[in-house]
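Student: Quick note, the sequences are listed as chains A and B, same order.
The opening position of the first sequence corresponds to residue 1 in the numbering used here, with each subsequent residue numbered one higher.
The opening position of the second sequence corresponds to residue 1 in the numbering used here, with each subsequent residue numbered one higher.
Hint data in this document are derived by calculation from the structure and do not stem from the laboratory.
One should not assume that every hint holds.
If chains are identical, the list can't say which one is meant, so a pair holds when it fits in one copy or spans any two.
Here are the computed lysine to any residue pairs in the SDA-like style, where the Cα-Cα straight-line distance is at most 20 Å [as the list claims (entries may be wrong)]:
#: 1; residue 1: Lys-411; residue 2: Arg-296
#: 2; residue 1: Lys-411; residue 2: His-274
#: 3; residue 1: Lys-408; residue 2: Leu-445
#: 4; residue 1: Lys-411; residue 2: Gly-41
#: 5; residue 1: Lys-408; residue 2: Ala-187
#: 6; residue 1: Lys-408; residue 2: Gln-271
#: 7; residue 1: Lys-408; residue 2: Glu-382
#: 8; residue 1: Lys-408; residue 2: Asn-241
#: 9; residue 1: Lys-411; residue 2: Glu-179
Since this is a predicted model, take the numbers as computed values, not measurements.
Protein chains: 2
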Amino acid sequence: MEGSITHPTVAASASAFSPSASASSPSAAAGSSDFLQLRIGEAPAGGRSVWLARELRRAIADGRLPVGSRLPATRVLAADLRVSRGVITEAYRRLTEDGQLAGRGRGGTVVVAAPVTTAAKGAVSTPYAHRTAGATAAPSAPPSAAPSAAPSAVPSTSPSTSPAAAPSAAPFAAPPGPEIFDELRAAPARIDLSPGVPDLSAFPRTAWLRAERSVLAGLASTELGYGDPRGTPALRLAVVNWLARNRGIRADPDEVLIVAGTAQALGLIAQVLHQDGIWEIAVEDPGSLGARQHLRHWQLATPPVPVDDDGIRVDALRASGARAVLLTPAHQFPTGVVLGGGRRRELMRWAADGGLIVEDDYDAEHRYDRAPVPALRSLLPEQVCYAGSVSKLLAPALRVGWLLPPPKYRKALVEAKRFADLGNAALPQLVLARLMESGELERGLRLLRRRHRRRRDAMIAAIRDRLPDATVHGAAAGLHLTITFGRDGCRASDTDLAAAALARGVKVQPLSWHSQRPSPPGLVLGYAARTADEITEGVAVVGEALTRIGR
Amino acid sequence: MEGSITHPTVAASASAFSPSASASSPSAAAGSSDFLQLRIGEAPAGGRSVWLARELRRAIADGRLPVGSRLPATRVLAADLRVSRGVITEAYRRLTEDGQLAGRGRGGTVVVAAPVTTAAKGAVSTPYAHRTAGATAAPSAPPSAAPSAAPSAVPSTSPSTSPAAAPSAAPFAAPPGPEIFDELRAAPARIDLSPGVPDLSAFPRTAWLRAERSVLAGLASTELGYGDPRGTPALRLAVVNWLARNRGIRADPDEVLIVAGTAQALGLIAQVLHQDGIWEIAVEDPGSLGARQHLRHWQLATPPVPVDDDGIRVDALRASGARAVLLTPAHQFPTGVVLGGGRRRELMRWAADGGLIVEDDYDAEHRYDRAPVPALRSLLPEQVCYAGSVSKLLAPALRVGWLLPPPKYRKALVEAKRFADLGNAALPQLVLARLMESGELERGLRLLRRRHRRRRDAMIAAIRDRLPDATVHGAAAGLHLTITFGRDGCRASDTDLAAAALARGVKVQPLSWHSQRPSPPGLVLGYAARTADEITEGVAVVGEALTRIGR
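Please put together the full structure from these sequences, using the hints given.
Tutor: Below, the structure written as structure tokens:
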């Protein structure tokens, strides 16, 4: 039951976060006699494993093989299809690497692709449920509705903050404008629990420098000239290999466009959508304020579509009439919900009817208690524009990300990148390619995951102690979690609460910043970049702030 | 007579390139008794040198101190103003560092700011003169006129190229589209004489790595997070100091916006101009094809304004009605002309009436036979948006440049940069700042200048030998020179000539690519990135190509 909504004092048990919860649930073991009606005669000679892997992926995507399904034993299927057992093993291995299958010992090979089970849903609180009702009534609310997301902003002289707090309250004193993240960053604080950054102290400085030395030693002079606007061939290849290993995505280096982070990606996509006559892109609600600001700057309206325990409400998306949607399916920002299997299938149908999915895979590599969630891109490359970056893998300051555009927008996106800046700088691309290809980045990520997990545990423990009325969301993965308060848990607005915390030296983001429609008061708390002690202290300060301003 | 038009077989003598040509011309020695009507009483106590330097700059800018003027001896002016001699010496030193004054031994201190003298003009050929007549008639020709710049493009099956040449001729087979520079780069060639890159083999790899090690050792983790969209404070300071030392520009680090090269700068400027209701920006003709492509992509029309021996025709600019203009005043691309003193003053009057100047100072640091030309920005900061980059100082692949916007566009440009990519990557900025502040970059530049100068000399010699009918332009500075042919010098189009050269393994750019209006056939030849031997051979091949296709 990953990424779902749990209450630490009630439901944050080990089993609630464990992937075995879904894997061990009663599964409809697929028959192996006429399993998926596979006709091996369709497979090209010498390409049977690839063919079988594709057939399996398709079956998982369209729901014929739901999560929890057990696959036939390799020996059985091999006999059935009259191929060598190696063909089957190889196909299973591919999907296992993709994170869509997992070996369960005697339990056989099981589909783990979309691990949110509907059976678990009734057991958890559903704070967004009240907003899903009637959500389809006005899903394409105009962008100007945004400022109302923080209706009860704290003026800097508000009595609810201590006098010393007045200057620090500034970021929360008005609806968030384009400079809001600069302002929040500039506000002095003892402990910064802003979401969105990994542990920057873990940046592999030595490995980076070593790779750079090696790059500079082997560099041809011409590589220092003007280059391919799509990025260096070395990094495009490294990204393709990375995505195959870590995200179950098969792509060709020529399909990759290196960009200056997801922020630039959104701007380029907006420009290309305009050329296609598209002037709005639906977004998850709640959903990233930063992403929304970027899209709006680039003149795309962002009609909100509600998110519930299974992710975006595809019925509401359909009703919105939007032709494109921005999604964070692996770990929805900020709720942490994983897009459920049923929703995935609904979404695929929506996209098959011509909808474009922009998949922001912003922190998919960070997961603790669950199997990896396959990228939508791996299922429907024709309708998905996939965006990833190193901002959460290494550091935002590198400003490197990648797009896998669907074929119809590939050329236009390359042109947009060309005229944006002629392509990313070459040296950092080449250094990054080395770190990716040498395994250095994966080693670092494993280290980060262990560290982040301890910090997440510290945060959940601190919330249990200091904010007992809070409900925790989306803690199975990522770099942050979200807490919400019930009616009695917090009578003030969450901007008031964030301002009061900042006045006491702790930086957090109010959930309402990320909501276009009314949301329960809540906070988005980053844990990745802080030590366990800082987290414990920071959450305690939030608890004090809550008590003061009227819990 | 710097940057003016010379014929190597006739006028490329040492004196023709020497700044002493103008410095030793009869100068209106300024009187020192009531010299500039200076009233020292207006100077703040303790700031007299700064005040005097400002007064001198103003007088040079508005023409009261024309180029060639001799300033009063320091002793004389000190006595006259009743200040210590050190005050005068210090003010003169500032302007000398700026490149506006030069000590001439017994000749005294002389104004060398705008070294093209009108007296020299009659002595040189004026290949653009025929286009200046009637230029005001239709200066705002629509952008769609551009494709006609290469009306006689070579189809790939053209008999004028050898069969082996057919594939290589592709870049010249049609009017240049957005991918033209990629195509030219991709075309195989033995010798690449494309303009626009410095000697990339001189990139200071060791110094870069050393600086990077030092940056990584001292970096705070927070510097790896999201940062100021304007750039790192360290680089903004280093740029300000660089510009003060090398370009006579005084600015505050808060005025600097770090961008991903001039290409991005043009896009950001276009977006900001649109907000101000400006949808066209005049450009020099001939002028950079690449810049024009960027501006047009960003929906700015680019009415051409003719360039003559003194630079852009300001009367034609005024007649065009354009509210903004893109200029390369220090070394016009591609002609190499320096904006003359009279034109400068005319331009200042145009700008003072509300015109915006975008000053692309693309290769101002590369000069061989002349004093530095002060930036327009140093004279009129309110109306000039200054753009510089390291593309010609170090390497285009670094994708780092800077803007000094006029106050009215500062905020909007920061927002545009924020929504473009959240700001440049931090590490390369910090490394570059170290190279600039340590003097490493200036040392490298001195080395480059010597090397580039030898290569330029080799190119001029080769042209004299192999292309005796060509006229050389703009060889006193920069990384390239331009040659033109008279009616009898080249009967084919210059795209034919470039295609024929490419078919023989030598890459050059036809002048017509950079011309919106009909231009004499010509070539733009980069010499900085090639050895003297390669240059000699490359020019010889161009000579063969010319003979074959019908000189």
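Student: Decide, hint by hint, whether the structure agrees.
Tutor: Results for each hint:
1. Lys-411 x Arg-296: Result: close only across copies, 18 Å inter versus 23 Å intra.
2. Lys-411 x His-274: Result: close within a single copy only, 14 Å intra versus 26 Å inter.
3. Lys-408 x Leu-445: neither (34 Å within a copy, 45 Å between copies)
4. Lys-411 x Gly-41: Neither. Shortest intra-copy (36 Å) and inter-copy (65 Å) distances fail the 20 Å Cα cut-off.
5. Lys-408 x Ala-187: Neither way: Lys-408 and Ala-187 sit 44 Å apart in one copy and 27 Å across, limit 20 Å.
6. Lys-408 x Gln-271: For Lys-408 and Gln-271, only the intra-copy Cα distance (14 Å) is at most 20 Å; the inter-copy one is 26 Å.
7. Lys-408 x Glu-382: This pair counts as within: shortest intra-copy Cα distance 8 Å, inter-copy 45 Å.
8. Lys-408 x Asn-241: neither (23 Å within a copy, 47 Å between copies)
9. Lys-411 x Glu-179: between (32 Å within a copy, 11 Å between copies)
The structure fails to meet hints 3, 4, 5 and 8 from the earlier list, while all remaining hints are met.
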